[in-house]
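Chains as they are written, first to last, in our numbering: chain U, 105 to 719; chain H, 208 to 602.
Bear in mind the hints are in silico, worked out from the structure with no lab data behind them.
These numbers were taken from a predicted model, which means no experiment stands behind them.
Among the hints, erroneous ones may be present.
Claimed, not checked - So these bits of chain U aren't anywhere near chain H, every CB distance computed over 12 Å:
id : residue
1  : L223
2  : L260
3  : L371
4  : L411
5  : G463
What the hints assert, rightly or not - Covered stretches of chain U (chain H as the covering partner; in silico rule of three or more C-beta atoms under 8 Å from a C-beta of chain H):
id : segment
6  : 173-183
7  : 195-208
8  : 271-277
9  : 381-392
10 : 509-515
What the hints assert, rightly or not - Part of the chain H face toward chain U, derived, beta carbon under 8 Å:
id : residue
11 : N291
12 : K294
13 : E312
14 : Q477
No residue lacks a Cβ here, since even glycine has one placed at the ideal position from N, Cα and C.
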Amino acid sequence: MSVEARERPNATQEPPDRPSRVARLRYRLNVARHDPTLAIGIVLTAVLAYLVVVPIITLVIDGLQVQYGDQQRAQKDPGEWTTYYLWRVFRSPISELLFWEPLVNTLVVVVGTTVIALLLGGSMAWLLARTDMFGRKWFATALVVPYILPSWTFALAWLTIFKNRRVGGQLGLMEALGATPPDWLAYGRVPIIITLGMHYFPFVLLLVGNALRRLDSQLEDSARILGAPRRTINRKIVLPLVRPALTSAILLVTAKVIGTFGTPYILGLPVDYNVLATSLYQSINSRQTGVGAVLAATIVVIGVSILLIDARLVREYRRFVTIGGKGAMGRVNRLGRWRLPAFLAAAGVFTLCVVVPLGTLFLSTIMVVPGRFELSNFTLDFWIGDDLDSVGFPQGILVSEELYTAAWNSVRIVGLASIICAVLGLLVGYVVVRLAGTRLSSFLRQAAFLPYLVPGIAFAAAYLSLFAVPRGPIPALYGTFTILVLAMVVNQLPFSSRAGISAMMQLGREPEEAAQVCGAGWWRRTTRVVMPIQKGSLAVGVVMPFISGIKELSVVIMLATSGTQLLTTLSVDLVEYGYTQLANAVVLVIAFVSFTMTYIAQRLTGTSLAAGLQG
Amino acid sequence: MRRARIRITGVVMAATLSGATLAACAPSSEDEGSEATGQTSAASPTVEIDQNFDLDELVEAAQAEGKKLTVYDSTGAVEDIAANFEKKYGIETEGIKSDAPDTVEKMIREAQADNVTVDVAVISDIASIVNELFPQEVATNWIPPDLADTIPQKNPLVAVVSPSVFVYNNETYPDECPISNIWELTEDEWQGNFAMGDPLNEPDLTDWFSELTIRGADDLEGAYASQYDETLETSEENAAWEWIKRLGENQPKIFADEETLVASVGVRGQDDPPIGLMSVAKFRDLEDKDYALEICEVSPWVGYAYPKSIVMATGTEAPNSAKLWIHYMMTAEGIEPQVSDGKISGNSDVPLAADDPSGVSEYLEDLLVFGTDTAQANGQIRPDMQDFWRLSYSG
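Looking at chain U on its own, in the form it has when it is part of the complex (with noise of 0.2 Å):
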């Protein structure tokens, strides 16, 4: 093809005098500006692609090269590449018990969880959005608690209930009360997928309670005026609606349960029942990097390939606009003679998830010796003592200093990530759902989920390396303040962004595009437009982050140098120091100092994630 007939199509395009190439970009900036979605969205991209995707591909080729100290039985030089990783992880006499049991028993306990987390949030979720249930408010806050809480709490609670004398030591409550649990309901598969379901079920409360809550119900009057019965409304209105908030939420759930270590360790050591999670730390902590690796990899695959059935699920039940510029009505459907049921229901729900574990890890914290039911075992003195026997921390959690330094830099350094990552998150999500449809759009989508589906233990390692050294125009920050920062938001970015792009999905365009008649530029729109309607899921969206950020504990072990006291790590030293009651006391203070933050959160945004769901 000639030179002549490619210019000649732009030569028509174009006006004879050809405005200058000046004029030209003028112009397309000057669109930019008014609507600058898509430089966010390569800012966006390139600052993910740095933080995200580097980082498991080091991972990746940690599984490809020979570490040191194996080379004798990869047989090659350290750094080489070798298969000898995959072999034995998946293909070796050892990979049954190493990798293909495990990875059974992991998808078992995924799916169960998810049902259970279902459930247990979708009814609440609805109860609490679409009813007029005795005490919604205050149970929308209550019910978000089990999340809160570290996972191995609801472990502990569970063995000081059902454990029988296969682990031995101070009677379980059944076997005090005279019924011994067999060892399937006290250990292995059974537990692990309650305890989490219990742990994880608030995700999917916040998640499509949001979603429920801005459900205008004139959708649901009008198929109603036409005859359509409650069943039929709920399927073809109500699910699809909620479904792109119903599918985060299980995707929230189902990567996390893959990832998680504690509660499947101690629930699953007893009857030898292992996960993923568990062999992945078992090789970790024994120096065994490649298999690591090569397990730590294989998660993230997993957990890809369902972010992969998630896309195309939100992609075939298109996004439906939920937030238009019409009015809407939220209205509760009457509960009548349910109305008692369903608050036990919800009452119930509230004991089994929150009373239970959290009375456990109290009555933990103010017994001198454990299960020892004597009025003179019982004392406060772990909480405000101040002469305690116990070397190096003679006073009483609530008395000592440390505690409230600890408190103080976990509050500061998690609550700026967590606000960092708000806004992150609802860039990623207004990118997204502006450009929906295009490359940039689902990279970025998937991107800012990817850090989800990484261990955390591996994340921080990958952290070290690439913040060690000032890589072009990135500074070393090693051993700063600002990447222990930089490393939490991108751990809790995908909260943020689920939440941004669940919500920018309902968002229509119509308000904005309003507001852009009026005259008001980007800037304009964003804060006065899009942020005060998103206040609810911008709440979400420091709230997430700041939960699961106060609990976090193997980013802070590997990128604190400055020995900065956290309250995960004092309380980790308390237990290596043996004091038991310290260390769960400050446990308490944790879950605590989240759930006033979450508290004020909500009181400053004026919504709230939990109240939010009341509208």
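Given chain U, work out where chain H should sit, using these hints.
Frame of chain U; chain H shown alone:
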């Protein structure tokens, strides 16, 4: 003279040297040191000891550096030691508690990036020191020359030895431990009733198994013969592999954390408490908890003791402060917070803790002590040992 000192500190030597070697002959500590060096030449070619060493000069040089020293250790006692060190020498020091895998990972990454913040580290996983840190020149071994004579294990320098022992519930069994031989743990009577940590998650347990196969096979074979009056027949490589296999097949109780393990053995009022294997340091934590715990006197060993080594980062900006710290850790004064937890100093001149809630000092000669000479082998064998355990335990 030298021999006399060995007698005096015999128990400590027994703990720090490999028990078997000591029983055969009692070499001078210097000989043992150089012997160890020869054996592990592959890991780190030589252990250099500066003959013109002067402690005062080192102190001066360290203070002149004016850098903050950051030290890592897997025990919380490191914070106390750091505070004491700072007080004594006026060098700003921060002690950070960090588990061995994290410390090793961190040191490697820091060295790769040439941005070293961990100046000195005490690491319990000797295998990863000799297999990873030394070959990659991440860490350096340094021996305080003035103390070299009384430090038997130098490559890498062993700072402390941590004993773990078999224990039983002395309320349920008031007279004595219900077993006298560790082969009994593989019998039906103790099926599902032996409490231990997770060999797949705790390298010191995996390494204990490796040590059994490397230096404990004969003792285990002898113990079998004396228990059952017959020779052990096994298709495994040796008696130790057979014992490990039978132990796994007997489905011991595996615990995620030592706290619940100890409770499982020591809680009062139990009809059928398990025999347990726990670290001596736990005895001190338990003083308030009123557990009925006592060391179980079994043959051939009442437990094992694993070494923790101290190394300095090759790229540290404060090499003299780092050396001074190592020196301090090898003195009675410096290591005191760890010794009082029941650990044994790698310097045979440092006495054991005066008060010892566990009573382990009576049994030091009955511990299987890991030598650093086998560290490399332990590291190599670790995946195999874990596989072997996985297969045995899952039956």
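Hints versus structure:
Against chain H, the non-interface label of L223 of chain U holds: every CB pair exceeds 12 Å, the least being about 29 Å. With a least CB separation of 10 Å from chain H, L260 of chain U falls inside the 12 Å interface cut-off, contrary to its annotation. At roughly 9 Å from the closest C-beta of chain H, the C-beta of L371 of chain U falls inside 12 Å, breaking its exclusion from the interface. Every Cβ of chain H is farther than 12 Å from the Cβ of L411 of chain U; the closest lies at roughly 28 Å, confirming the non-interface assignment.
Consistency note on G463 of chain U: stated as away from chain H, and its beta-carbon is indeed over 12 Å from all of that chain's, at 19 Å minimum. Here's how the segment 173-183 of chain U fares: 4 of its residues keep a CB closer than 8 Å to some CB of chain H, so the rule of at least three is met and the hint holds. Figure legend: the segment 195-208 of chain U, annotated as covered by chain H; annotation consistent (4 residues with Cβ-Cβ distances under 8 Å, at least 3 required). Judged by the Cβ-Cβ criterion of 8 Å, the segment 271-277 of chain U is covered by chain H as claimed, because 4 of its residues qualify and three suffice.
With 7 residues having a beta carbon nearer than 8 Å to a beta carbon of chain H, the segment 381-392 of chain U meets the requirement of three or more and the stated coverage holds. Residues of the segment 509-515 of chain U with a Cβ under 8 Å from some Cβ of chain H number 0, which does not satisfy the need for three, so the listed coverage is violated. The interface hint given for N291 of chain H is violated, since its Cβ lies 12 Å from the closest Cβ of chain U, which is over the 8 Å cut-off. Taken as an interface hint, K294 of chain H does not check out: its beta carbon lies about 15 Å from the nearest beta carbon of chain U, beyond 8 Å.
At about 5 Å, the closest approach between the beta carbon of E312 of chain H and any beta carbon in chain U falls short of 8 Å, and the interface hint on this residue holds. Given hint, Q477 of chain H at the interface with chain U, holds; its Cβ is 7 Å from that chain's nearest Cβ, closer than 8 Å.
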